[in-house]
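*Asks:* Chain A is already provided as a structure; the job is to place chain B on it using the hints.
Residue numbers (this note's numbering), protein chains in the order written: chain A, 5 to 331; chain B, 2 to 263.
These aren't lab readings, by the way, just hints derived from the structure by calculation. The C-beta atom is built at its ideal place from N, Cα and C for all residues, glycine as well. Incorrect hints may appear among the rest.
[To be verified] Straight-line distance between alpha carbons at most 20 Å, and here's what the computed SDA-like set of lysine to any residue pairs gives:
| id | chain 1 | residue 1 | chain 2 | residue 2 |
| --- | --- | --- | --- | --- |
| 1 | A | Lys14 | B | Asp252 |
| 2 | A | Lys123 | B | Met2 |
| 3 | A | Lys129 | A | Ser142 |
| 4 | B | Lys249 | A | Ala83 |
| 5 | A | Lys255 | A | Ser284 |
| 6 | A | Lys227 | A | Tyr209 |
| 7 | A | Lys123 | B | Arg11 |
| 8 | A | Lys197 | A | Met5 |
| 9 | A | Lys84 | B | Met2 |
[What the hints assert, rightly or not] Selected chain A positions facing chain B (Cβ under 10 Å, derived; list incomplete):
| id | residue |
| --- | --- |
| 10 | Asn6 |
| 11 | Thr65 |
| 12 | Tyr104 |
| 13 | His167 |
| 14 | Tyr209 |
| 15 | Met210 |
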Amino acid sequence: MNAIEATTLKKVFVNRRGFWQQKRKSTVAVENVSFQVDQGELFGVLGPNGAGKTTTVKMLTTILLPTCGSGSILGFDLAKQTVEIRKRIGFTFGGSRGLYSRLTAKENLQYFAELYALKPDYSRKRIPEMLEMVGLLSRADDRVETFSSGMQQRLHLARALLHDPEVLFLDEPTVGIDPVGARELRQTIRALKQSGKTVLLTTHYMAEAEDLCDRIAIVNHGKVIALDTPTALRKRIRPESVIEITVSLDKASTIEQLIKPLDGKLRVESRVTENEHHYSLYTPAPESILEALAPSLQAKVIQGLQVRNQTMEDVYIALIGESERDA
Amino acid sequence: MRDTLRFALRQISVQLQIRTFNLYSLLLFFIQPAIFSAVGMILSRAAGNAKPDLIYTVIGGGILGMWSGMLFTSTYDIRSDRRDGILELLVASPTPLRRIEYVRTFTNIAASLVSLLMAIGAAIAIFGFTFAGMNILLLLLAVGLLLYSLWCLGVFLANFLAWSRLSGSLVDFLELPIAFLCGFMYPIRVLPEWLQWISVVVPVRWALQALDSILLKTTKLDNYWFFISMSFITATLFWLLSVWFNRKVDDHIRITGELSSI
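For reference, chain A alone in the conformation it holds in the complex:
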């Protein structure tokens, strides 16, 4: 049995405007999204803002009803068995909203423990455990309004895990958190996977998805445009290396003259910052390009040079770019 199953899920929002002559405007947020997540798998949903990630999560967490299609969590039907699903899932939405700021961290968790009908003995033990896990035990009796957004995000995770759910939905869990806090949160997520939990994670941080997820679905305009393991996704696009070059603005023409004859051998992306010009040269044969660039390196025209393999970000940009062209 799959932990999560989505079959051609579709969500259309209808906005009505006007009083006498109502105008209806339909927005397709998610269109025919299908995927299965195995039990114990850490599954990533990656996509730009407005791609339909959060709407998909809201359908899977029973907050929204799909317009078409079907789905199940641990075998329970999304449309008909909502209470059974709600008992077995935990979820967090990105940002610091979703907590009672005038209550303490402990009081917030106590309240949600009641909403999930946890036995008093169990919640008395579980609440400090969860606060400890997210590093907030020492702040248990402080009001949430005194917490930073990172601390609130961690408290969200504690809340989501309070009833020990089998399936966890984390919608952009590291948004707004500093790098150290984000790394700690990623370690916690990894530990959750190791403890056998099924996790569906949405993010637009490529490195996060690559680092954590067993499989990744890339979504854009409400559709899944690619779904595979990070390694397989990287192989999908042309295997290329990336040569990153930085030059001062006045030397940009020199580099452009150098790379112009190599036109067929590489793809160039460039951007200008205040004092520098950055080039990303995508090529299957980096050695020949480096050879061509060697004289400028010696003449100190090039200020910075780095050769790297393609990352998930490159895969993401290529796939999203492709889907934009198709759209």
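*Replies:* Frame of chain A, contents of chain B only:
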């Protein structure tokens, strides 16, 4: 049963901490009724009444505090939960939203009872009002029915707030018209006949008439049981409507996505 009670106590505690003990509630429960009562007394004196009619002045102020307490705090709960991103969490928990609303509305109304108690205190202190010769059990029953009527209206109106982001304005708009129909601002008998007919379905009107017949003895006690029955029947009707409506709301909010503030 024990679980339900524990949940109710926790919800009451949360409700008191986050909503009830704040400046807004203080204004709602104490200041607003006091202004209403003062204006009522001034108007009554200007009309040549040596002794102002308690029900439309002092007691009316107390009832206004309870009415506003029910209307604003119960609806404000959902508005602020939606704004703070909590409404989605409540709906997606295994506890039905209806159950949460039941306890919240009860807490708000029970807390607003302080307005009525203050008003009765003022009536005793300023007007020499006394409980002597009153049937206290019948008085408590009338107060109980008043609370029940307000609670039924509160849980009914809460559905509208959950239904749509825009319905908050509708509830604000309803405040005064329904208050007129309750009969604590003006006597029901001075309203046009068609409005008097509409007021038949307002449970608070009957509970107030029952309270009036005990507290001020302005109507015959024989009518007391009629008022009590009407209050109970109309209030229960609103509660049944709220149960029916709640099922529609559950489906509707999952279709429209109106749970979030954006």
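*Asks:* If a hint holds in the structure, say so; if it doesn't, say that too.
*Replies:* Here's how the hints hold up against the structure:
no.: 1; hint: Lys14(A) - Asp252(B); result: holds (17 Å)
no.: 2; hint: Lys123(A) - Met2(B); result: holds (13 Å)
no.: 3; hint: Lys129(A) - Ser142(A); result: holds (16 Å)
no.: 4; hint: Lys249(B) - Ala83(A); result: holds (14 Å)
no.: 5; hint: Lys255(A) - Ser284(A); result: holds (16 Å)
no.: 6; hint: Lys227(A) - Tyr209(A); result: holds (19 Å)
no.: 7; hint: Lys123(A) - Arg11(B); result: holds (13 Å)
no.: 8; hint: Lys197(A) - Met5(A); result: holds (18 Å)
no.: 9; hint: Lys84(A) - Met2(B); result: violated (26 Å)
no.: 10; hint: Asn6; result: violated (21 Å)
no.: 11; hint: Thr65; result: holds (5 Å)
no.: 12; hint: Tyr104; result: holds (5 Å)
no.: 13; hint: His167; result: holds (9 Å)
no.: 14; hint: Tyr209; result: violated (21 Å)
no.: 15; hint: Met210; result: violated (26 Å)
Of the numbered hints listed earlier, those contradicted by the structure are 9, 10, 14, 15.
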